[in-house]
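Fit chain to chain and form the complex, with the hints in mind.
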Amino acid sequence: MSKYLAFAQSALQTQLAYRGQVWAAWFGRLIQVFAWIAIWMAVYKDAGSVNGVTLPEMITYAVIGSTLITAWDWRKLIYTLGNSVTSGDVAIYLLKPLRFPLYLFATECGNLTYRIAAIAVPVIIVATLTYGVLPPASLFHGLMFLAFFALSFVLMFLMAALCGLLAFWLMTAFSLEWTLQGILSLLSGSAIPLWFFPDAAQGLIKLLPSAWIGYHPIAVYLGKTTVSETWFYFTLGLGWAGLMAGGVALLWRAAATRITVQGG
Amino acid sequence: MQQAFRVIPFLVHLYVKSRMEYRSAFLLAIGAQFFSYACGFTSLWVMLLRFDTLGGWSWPQLALLFSFQLLTYSLGAATSFVQLRDIEEKVRLGTFDTLLVKPFSPWAYLVFSGLNIGYAGHIALAAGLMAWALTQVGVDWNFGTVAYLVAATISAAMVNAAIITMIGATAFIVVQSSHLYTIFFGVWELSRYPLNIFPAVLQWTLLTIVPLGFASYVPMAYLIGKDIAVLGSWGGPLSLLAGPVLVLLAMAHWRFAISKYQGAGG
Numbered sequence: 001m002s003k004y005l006a007f008a009q010s011a012l013q014t015q016l017a018y019r020g021q022v023w024a025a026w027f028g029r030l031i032q033v034f035a036w037i038a039i040w041m042a043v044y045k046d047a048g049s050v051n052g053v054t055l056p057e058m059i060t061y062a063v064i065g066s067t068l069i070t071a072w073d074w075r076k077l078i079y080t081l082g083n084s085v086t087s088g089d090v091a092i093y094l095l096k097p098l099r100f101p102l103y104l105f106a107t108e109c110g111n112l113t114y115r116i117a118a119i120a121v122p123v124i125i126v127a128t129l130t131y132g133v134l135p136p137a138s139l140f141h142g143l144m145f146l147a148f149f150a151l152s153f154v155l156m157f158l159m160a161a162l163c164g165l166l167a168f169w170l171m172t173a174f175s176l177e178w179t180l181q182g183i184l185s186l187l188s189g190s191a192i193p194l195w196f197f198p199d200a201a202q203g204l205i206k207l208l209p210s211a212w213i214g215y216h217p218i219a220v221y222l223g224k225t226t227v228s229e230t231w232f233y234f235t236l237g238l239g240w241a242g243l244m245a246g247g248v249a250l251l252w253r254a255a256a257t258r259i260t261v262q263g264g
Numbered sequence: 001m002q003q004a005f006r007v008i009p010f011l012v013h014l015y016v017k018s019r020m021e022y023r024s025a026f027l028l029a030i031g032a033q034f035f036s037y038a039c040g041f042t043s044l045w046v047m048l049l050r051f052d053t054l055g056g057w058s059w060p061q062l063a064l065l066f067s068f069q070l071l072t073y074s075l076g077a078a079t080s081f082v083q084l085r086d087i088e089e090k091v092r093l094g095t096f097d098t099l100l101v102k103p104f105s106p107w108a109y110l111v112f113s114g115l116n117i118g119y120a121g122h123i124a125l126a127a128g129l130m131a132w133a134l135t136q137v138g139v140d141w142n143f144g145t146v147a148y149l150v151a152a153t154i155s156a157a158m159v160n161a162a163i164i165t166m167i168g169a170t171a172f173i174v175v176q177s178s179h180l181y182t183i184f185f186g187v188w189e190l191s192r193y194p195l196n197i198f199p200a201v202l203q204w205t206l207l208t209i210v211p212l213g214f215a216s217y218v219p220m221a222y223l224i225g226k227d228i229a230v231l232g233s234w235g236g237p238l239s240l241l242a243g244p245v246l247v248l249l250a251m252a253h254w255r256f257a258i259s260k261y262q263g264a265g266g
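Going down the list, the sequences are from chains Y and G. Note that the working numbering numbers the first sequence so that position 152 is 152, with each residue one more than the last. Note that the working numbering numbers the second sequence so that position 195 is 195, with each residue one more than the last.
Chain G with its partners taken away, still in its complex shape (with noise of 0.2 Å):
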């Protein structure tokens, strides 16, 4: 455990070194992204312009949801996504064998030194609109209400974590994985309006297989009283339950899909 805090920030540091070698290319790569997501919420205030609210929903509120969603994605997929994306990659290369000869989690090794550093962009856009929206929605601020925000915010970064994990770690099983990412960023941008708008299948699919919801609409349609689609009353509690037992999950996952590794490089 003590050599394991001393390898990470090391990882971290190495990661974050070869990065700056290209400063330029990293800071436009942040500037990208950081003005495609407000072209993205940009769309969505031109259609509030015209039709006002959506499923309800004002703009501010929209703004809210949008800017959560964002911002726990971007904390969850710092320390996942592109990592566990490549797991791919280095399966079929065979280049997956190094990680486990190595004197450490193979788990800790990918997602530490490769800590993606390059949401920066998402999160400075994310939390800035996200504090202007938080001014607009009329929350009654108290410790209650921040001690909340606070956990489910974590609790979103971690369930976005956890399901990019699963669906990273089923590549040792079945070597591709890239094609339950297409499906998962698919169901991602629809975490990003109100669930009560959707099908019934879709806000099942969104609860259940996919359950993004969590990320998104759940908590923050708590955090400003309003009615939750499908859970009711239990949206609030469940969704800071949420991280947490998918965490556990995609540990077991993880396990799991280790234990049926076989290589296909070689």
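Chain Y extracted, bound-state conformation (with noise of 0.2 Å):
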């Protein structure tokens, strides 16, 4: 274990001997999110309240969906993994007394720490200075959120380890890339939460594993789950990501073995 902490450091050391270039980043992030702002308040202009929700609940929304939730930069972790294991590189690690996805994962921990510090946590006190950001709905729903959150890190984790995986038999890292990303704009509700989705359609949508990236960690900020439901999509949400961490082992092992045959 404190190996991977060891790792997880290591990343976040990293990242700060790049700091100067962290400037873009947040100023990229802070257009973003007052751009968000400014498209609910123009749609809200003359609603009090859509389908239950109010405009400073969708700005706390938006600030949320474009900082803490997008604060990780998933489509790199698909080219390194891509990368390493379609040039053969990644033989280096299997030398090494270590758990190639776990060292991923560590890493991958300290690259989003330094990214919540360094950018998500300036940018939301800028926003909540400028528009105001509302607080949790209770203890309980500020509580689950940290733990909504972390899983929407470990799911998006993986979700993009199952991709870089791929790209070992697919041959092409950026395809996957393009159409996980496809897939998270419309059905994550990191932007459009999926309560504003056709009633038809939200059933499915909330169930799918993509909700758990950005609707349901915000839902439950907002106090939009009760008690028991908040326990049910977590327990839900635990279950995806049991589900896609035995298929990224799978796909590892198949991958490495895949290596050990050719010989590197």
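Just so you know, not all the hints are guaranteed correct.
Derived pair list, reagent style DSSO-like, types lysine-lysine, alpha-carbon separation capped at 30 Å [stated by the list, open to error]: (1) K45/Y to K206/Y; (2) K90/G to K226/G; (3) K17/G to K90/G; (4) K96/Y to K76/Y; (5) K226/G to K76/Y; (6) K226/G to K45/Y; (7) K226/G to K102/G; (8) K76/Y to K102/G; (9) K102/G to K90/G.
Derived from the structure by calculation, the hints contain no laboratory data.
Okay, structure coming up:
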């Protein structure tokens, strides 16, 4: 365990070495947050509440969705994993006394920590001072948001890892990245909340694993789920994570075996 | 000049040939990008199902804005983005120097030896959606409006290519340009929405510092007869001028940046 913590710490320190670049990411993110707030203010112009959701709630939704939820750059993982597996660089890690997927997870935890501290938190502070961000609906919802946020990161990591590993067979990380991006932009709810979807589609989309990336964590934060619903969705999310972790382990084993057969 | 006309088709031919060596990866990439942008369009459609209008724009009008923005970006970026994004790497490794000793314009070599045919997916989706949207928005079609649309498309593609080129060329002076592309794409995403919904500071940003408003909102608002934020009736003619003016600026910037190039690798 301690070695993986060291990898997380090392990733964090690597990011700190390139902190000069952070202002561009910070500025880009701030523009995105303000743009989404402007969009929701425009559509809510004459409406007090839509589907039981008020404008201040949507502003909060936009701020969390554009900062915390999207803080981690999953695209890089697809390329890192895809390239290291297809190029054979991964052989170096196979020689070391560690599990490569866990090593990647530890590294990305370090990256996530840095991006939350350096980009998400400052943007949230600016947005709170400018437009006002609501606190969690209750202490329970606040604490559960933290759990859902961690689950969202784990699921996002697993989805990106699945795509990165699939690149070993499909030979194209690029297409997988764009496909995942498309799915997430529509179905994760990090930009458009799933409660605005047509009623017939909502039921199904809320159960897809993508919904745990953006929609469920923010819905819990805003108190849109009851205590029992919150626990239900959390358990279901854990189920999805377990299923995907199994998928990653399976694909990883298949890829690693194939590398050995090829002889590197 | 004659030599350039002979070499350019050859460079493009070589690039296309190299991409076609990995035909299935190429087709998958085009399909994936088509799918991804289609998901983006669908998100907007979902929002409009619930709210009917965004800043006074209906779904067909927004579909026109979205598709025009994507189409003109693709046309402009095909001749600039990937090629110029890589300058940073070429400067760092010192491989840009090999272009400087070729008996050929480094810009033309870079652009045409990597003319990005990968934007075919973007263009197919944007053109298809735009064709539908144009039949829905009630434009009074005559020679004037058709000519305006064609000229606005060319000008908007030039705006995109010029800004991307200017960002890429800054790598000659400061080595890094990728962080500027991060900001460019942040602003680019805004330019698919009506400018009038944004606070004044963002409106001005989109018309001055990163003038992508001229490549999306301004020409489309003019075409469908909407009041144009900030520019008013000047918007129509200005959107046609923006492309050529920015290209001239980009040419001057490119020359200035190359004159400052000292090499960072070796």
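> Is the hinted pair K96/Y and K76/Y satisfied, with a Cα-Cα distance of at most 30 Å?
Replying inline: holds (23 Å)
> Does the alpha-carbon distance linking K226/G and K76/Y stay inside the 30 Å limit?
Replying inline: violated (41 Å)
> Quick one, are K226/G and K45/Y close enough, alpha carbons at most 30 Å?
Replying inline: holds (19 Å)
>> Just to be careful, I want the Cα atoms of K45/Y and K206/Y compared with a cutoff of 30 Å; is the pair within it?
In response: Since the Cα atoms of K45/Y and K206/Y sit roughly 27 Å apart, the hinted pair holds (cutoff 30 Å).
>> Need the status of pair K17/G, K90/G: alpha-carbon distance at most 30 Å?
In response: Holds: K17/G and K90/G sit about 23 Å apart, inside 30 Å.
> Is the hinted pair K226/G and K102/G satisfied, with a Cα-Cα distance of at most 30 Å?
Replying inline: violated (50 Å)
>> Would the hint linking K76/Y and K102/G be met if the CA-CA limit is 30 Å?
In response: violated (35 Å)
> Taken at face value, is the distance from the CA of K90/G to the CA of K102/G at most 30 Å?
Replying inline: holds (15 Å)
>> Tell me if the straight-line CA distance from K90/G to K226/G falls inside 30 Å.
In response: violated (45 Å)
Violated hints for the displayed structure, listed by number in ascending order: 2, 5, 7 and 8.
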